[in-house]
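I would like the entire structure built from these sequences, with the hints used as guidance.
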Amino acid sequence: MHAALIQFIVIPVVKIAVILGVVLLVVAYLTFAERKILAYMQVRLGPNRVGPKGWLQPIADGLKLFVKEDLIPAKAEKAVFLLAPAMIMIPALLAFSVIPFAPATKLFGLLPKAIPPYVTDINIALLFVLGISSIGVYGIILGGWSSNNKFSLMGGLRSAAQMVSYEVPMGFAIIAVLLMARSLSLVQIVKAQQAAHLWFFVPGILALGIYFICGVAETNRNPFDLPEAESELVAGFHTEYSGMKFAFFFLAEYTNMLVVSSLATIMFFGGWLRPFPNVAWLSFLGVVPPVIWFAVKVAGFIFVYMWFRGTFPRYRFDQLMQVGWKWLIPLSLANLVIVGAGVLLVKG
Amino acid sequence: MNQYIPILIFTLIAISFPIITLLLAKLVRSGSPNAVKAEPYECGVKMPTTAYDTRFSIRYYLIAVLFVVFDVETIFLFPWAVMFDKLALFGFIEMVVFLAILLVGYIYAWRRGALEWA
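Top line first, the protein sequences correspond to chains E and D. When you line the first sequence up against this note's numbering, it's residues 1 to 348, in that order. When you line the second sequence up against this note's numbering, it's residues 349 to 466, in that order.
Please keep in mind that the hints were generated in silico from the structure rather than gathered at the bench. The beta-carbon is built from N, C-alpha and C at its ideal position, and this holds for glycine as well. The hints are all genuine.
FRET-style restraints, in silico, Cβ to Cβ:
1. Phe404/D to Pro52/E: 47 to 57 Å
2. Ala462/D to Arg316/E: 13 to 23 Å
3. Ala383/D to Leu56/E: 30 to 40 Å
Written as structure tokens, this is what we have:
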């Protein structure tokens, strides 16, 4: 009984606390990184006043939002208005319950036996993440609708249409990975890449492209940030939100970026695996712990996100729908057939 | 089912996170509401109607219906992909036939203009 209590309650709670803490800290600093990177792309300095070189800026932003007045419009649907930010924040965080970022470890011999540092590994992990992240669209559409503001309503509707449209090609792109890995467990997908001595981005380069484009659209980021297109919709679905409720929308967007990047790393870039495990003169790469490899790969995807924002102009809504329905869906279906045939050929 | 217990704990913690944060913020945040602040963030003459009365394009419904059709198909493909090594060539041909049938519907929707947004 005592051992069961430790195994099922204490260890998970400790892991969850650490993971949530790290995720929220990383998300806070992603906002800082984005402002800095965008600034350098536009030949500016970016935030540099709060703390040394601006490093305390996210803390200051957080504190500011924390003590800001929290307005609820008089004609808003109050209960739904309160529910919406929570409905977008909770699923975004929940995805991290199955994302494996490192293999089982003894923490440099501190632990008697190796335990996995991620929260849990289930055999439907990928489906779980997809399902959980689709709940986020409710938060957006409910927030947009309940604000009782035309900009919010239009932003919410656009976002819903956009997210469901891009979920289809994303699903097809992911199925191409499943054909190669033949498991929905994220840990097994990484292990399949280890066993194959091949990261899936090589055979799945098209799937990676489709997945990442869809990932950018799903998180409502440039160049697909139509739901919050400030030149026409003020701030889209969160126009009426202020204070901490606005902060949840903001945090959820960056958390979702992190989820999309983590999944891309796991499915296409071997998760925590290091590159070139069989090349002798590169064996010094093994010194770097797996979690660092994972972080580096995720950071690469995050940088691409910010690069997109610094480079691409925004799509028009009909163009956005056209890309999703007329290009990505046929392309991802063709990719599915090609990968399927390829797997059949290789297996003989 | 043991590996689902941590997810349950995670869910409880994740749900409590926004609730606790909002309650804490309620204690410290400033607030002097007035009627003007509580108006919608829109400009111009105050509208007699609310945003709930606004009509929006029927195309949003169309997209939703198309999504349901295609997403069910995705769900159908997931178990197929996971069991692909057992199904082998037979499963592959079967799935190509399935996709071909679906492609007919897709082309029909395209030809009828369901994918146009104008």
